[in-house]
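Trainee: Quick note, the sequences are listed as chains V and U, same order. Under numbering that gives the first Met the number 0, the residue at position 229 of the first sequence is numbered 228, and the numbers go up by one with no gaps. Under numbering that gives the first Met the number 0, the residue at position 88 of the second sequence is numbered 87, and the numbers go up by one with no gaps.
Among the hints, erroneous ones may be present.
Stated by the list, open to error - Ranges between beta-carbon positions, derived for each pair:
id : chain 1 : residue 1 : chain 2 : residue 2 : range
1  : U       : Trp-141   : V       : Thr-10    : 16 to 24 Å
2  : U       : Arg-23    : V       : Thr-10    : 40 to 48 Å
3  : U       : Val-4     : V       : Ala-124   : 35 to 43 Å
4  : U       : Leu-86    : V       : Gln-188   : 50 to 58 Å
5  : U       : Ala-84    : V       : Leu-101   : 43 to 51 Å
6  : V       : Cys-207   : U       : Trp-141   : 22 to 30 Å
7  : V       : Gly-109   : U       : Leu-7     : 48 to 56 Å
8  : V       : Gly-109   : U       : Gly-133   : 50 to 58 Å
9  : V       : Phe-187   : U       : Trp-141   : 19 to 27 Å
10 : V       : Leu-149   : U       : Val-3     : 49 to 57 Å
11 : U       : Ala-59    : V       : Leu-149   : 55 to 63 Å
12 : U       : Leu-86    : V       : Ala-102   : 19 to 27 Å
What the hints assert, rightly or not - Covered stretches of chain U, going by a simulated chain V footprint (3 or more residues, C-beta under 8 Å):
id : segment
13 : 65-77
14 : 103-112
Rather than coming from a laboratory, the hints here were simulated on the basis of the structure. Glycine residues also receive a C-beta, built at the ideal position from the N, C-alpha and C atoms.
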Amino acid sequence: MRTLTYALGWTSQGLLGLLIVLALRGKYFTKYPVFYSYLSFLMAGGLLRVCVLTLAPDRYLITYWSTQLLVVAGTYCVLWEIYRKVLAPFEGAAKMASGLVLAVFFTVLGKTFFSKLLAQDRISAWVMELERDLHTVQAILLLLLVSLILYYRIPVGRNLRGMIFGYGFFVGASIILLTLRSYIGTSFQVGWQYLQQASTLGTFLIWCFTLYSYQPSPLPEAETELERDYALIAGRTQRTIARARGYLVRQLVS
Amino acid sequence: MMGVVLFLAVGFCLLAFLLYWAQRQTPTAGRPRYDRRAEFGPAVLNLALPSRQIAERIFAAEDWEFVLSQAPAIRKLFLQERKSAALLWVHQVHGVIAQVMEFHRTAVRKNANLRPQAEIRLAVNYLAFTLLCGVLRGLIWWQGPYAARRMVTQVAGAAERISFATGQALASLDPTVLHKIKEDQLNFAPKV
Numbered sequence: 000m001r002t003l004t005y006a007l008g009w010t011s012q013g014l015l016g017l018l019i020v021l022a023l024r025g026k027y028f029t030k031y032p033v034f035y036s037y038l039s040f041l042m043a044g045g046l047l048r049v050c051v052l053t054l055a056p057d058r059y060l061i062t063y064w065s066t067q068l069l070v071v072a073g074t075y076c077v078l079w080e081i082y083r084k085v086l087a088p089f090e091g092a093a094k095m096a097s098g099l100v101l102a103v104f105f106t107v108l109g110k111t112f113f114s115k116l117l118a119q120d121r122i123s124a125w126v127m128e129l130e131r132d133l134h135t136v137q138a139i140l141l142l143l144l145v146s147l148i149l150y151y152r153i154p155v156g157r158n159l160r161g162m163i164f165g166y167g168f169f170v171g172a173s174i175i176l177l178t179l180r181s182y183i184g185t186s187f188q189v190g191w192q193y194l195q196q197a198s199t200l201g202t203f204l205i206w207c208f209t210l211y212s213y214q215p216s217p218l219p220e221a222e223t224e225l226e227r228d229y230a231l232i233a234g235r236t237q238r239t240i241a242r243a244r245g246y247l248v249r250q251l252v253s
Numbered sequence: 000m001m002g003v004v005l006f007l008a009v010g011f012c013l014l015a016f017l018l019y020w021a022q023r024q025t026p027t028a029g030r031p032r033y034d035r036r037a038e039f040g041p042a043v044l045n046l047a048l049p050s051r052q053i054a055e056r057i058f059a060a061e062d063w064e065f066v067l068s069q070a071p072a073i074r075k076l077f078l079q080e081r082k083s084a085a086l087l088w089v090h091q092v093h094g095v096i097a098q099v100m101e102f103h104r105t106a107v108r109k110n111a112n113l114r115p116q117a118e119i120r121l122a123v124n125y126l127a128f129t130l131l132c133g134v135l136r137g138l139i140w141w142q143g144p145y146a147a148r149r150m151v152t153q154v155a156g157a158a159e160r161i162s163f164a165t166g167q168a169l170a171s172l173d174p175t176v177l178h179k180i181k182e183d184q185l186n187f188a189p190k191v
């Protein structure tokens, strides 16, 4: 069983190394600086964990949980970079995103921290549930981002699409596995470890398939007079559809 | 238990949404210039809603009463044909409004003056309009075109108001801008 753990761990490290080397060779490390810095941090953290597992296995869990919150915090930075890269050319969509993100962030995250502060669980259970809650916030933010991409027909290149898919897969799998681990208890510990490692491996594979070369998102058209004047059109369209809907509802109810 | 279900739902929802997004096609190759106006500009500018008179004719009770009284043998065929016409009408109305929304979304996404509250309200109103069309389709399919007559009048009225307001907005543009729009229309119109 430990062999499988090592195999999954070293394979993940290998894929991480491959991602970083490809970015350095293709000279696009600086195109996504936060993302690749995060991967470098993950690699360093992963090597540390493997060393601890090999040399002092009884200290592995403490090392894992104490570094895990840093890893989760790092994923928020990656999410910020993805938002910035996808929405930068689209000021209107970015404005939509900023309002909704702030609302989600302060409402959900604030509630999460507050409830965790009041809880009196063991530290590992506390960190596990906090990690699950933080991932849940990330899931909501990712759902919001993909919704904005679909709603405003924002073109997304292979690189950013791959980042979103890989990151989303990792977050979704983590939420499911952490929830099951929290609910089932220590009997699911071993299963959770392997499945978590497998989901991490899956994430790195997605990134390898989509980040093997630099491919930015398609450029939007330069702003035209029609789009500058569309603040006027947008306002009128909105008022008219709202009136039409209100009229329909009133007639249906009457 | 409720919390467990909620968290699991969020996780699976995210994975499912990503899969859904993966199946949609978006331009990713190379570094293309991306301009969707050509796809729907002419249709939006023409604002070619199916006329209200056609809707009134499709859903006219007099035709049904005439068939019932004078040719009851063909009432089943008549209902079938009218149902198809009615469903097509709803489809066309919804299609035009969908194009207006498509144009709106693509045009305002780069506009820094966008108001998030207004966008959310518009999205909700459009969603309600879409649901209303869905209910109407369901009513027509299940109970026939004559059961949904009053709702048809309302849907037609709402669609016409959206169309009129958009046309008004375009007409209020600077003449040079309007001229450019018309030029674009000529350039991007399908060649026959």
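Trainee: Does each hint fit the structure? Answer for all of them.
Mentor: Hint check:
no. : hint                                 : result
1   : U:Trp-141 with V:Thr-10: 16 to 24 Å  : violated, 56 Å
2   : U:Arg-23 with V:Thr-10: 40 to 48 Å   : violated, 31 Å
3   : U:Val-4 with V:Ala-124: 35 to 43 Å   : violated, 19 Å
4   : U:Leu-86 with V:Gln-188: 50 to 58 Å  : holds, 56 Å
5   : U:Ala-84 with V:Leu-101: 43 to 51 Å  : holds, 49 Å
6   : V:Cys-207 with U:Trp-141: 22 to 30 Å : violated, 51 Å
7   : V:Gly-109 with U:Leu-7: 48 to 56 Å   : violated, 23 Å
8   : V:Gly-109 with U:Gly-133: 50 to 58 Å : violated, 37 Å
9   : V:Phe-187 with U:Trp-141: 19 to 27 Å : violated, 48 Å
10  : V:Leu-149 with U:Val-3: 49 to 57 Å   : violated, 29 Å
11  : U:Ala-59 with V:Leu-149: 55 to 63 Å  : violated, 40 Å
12  : U:Leu-86 with V:Ala-102: 19 to 27 Å  : violated, 40 Å
13  : 65-77                                : violated (count 0)
14  : 103-112                              : holds (count 10)
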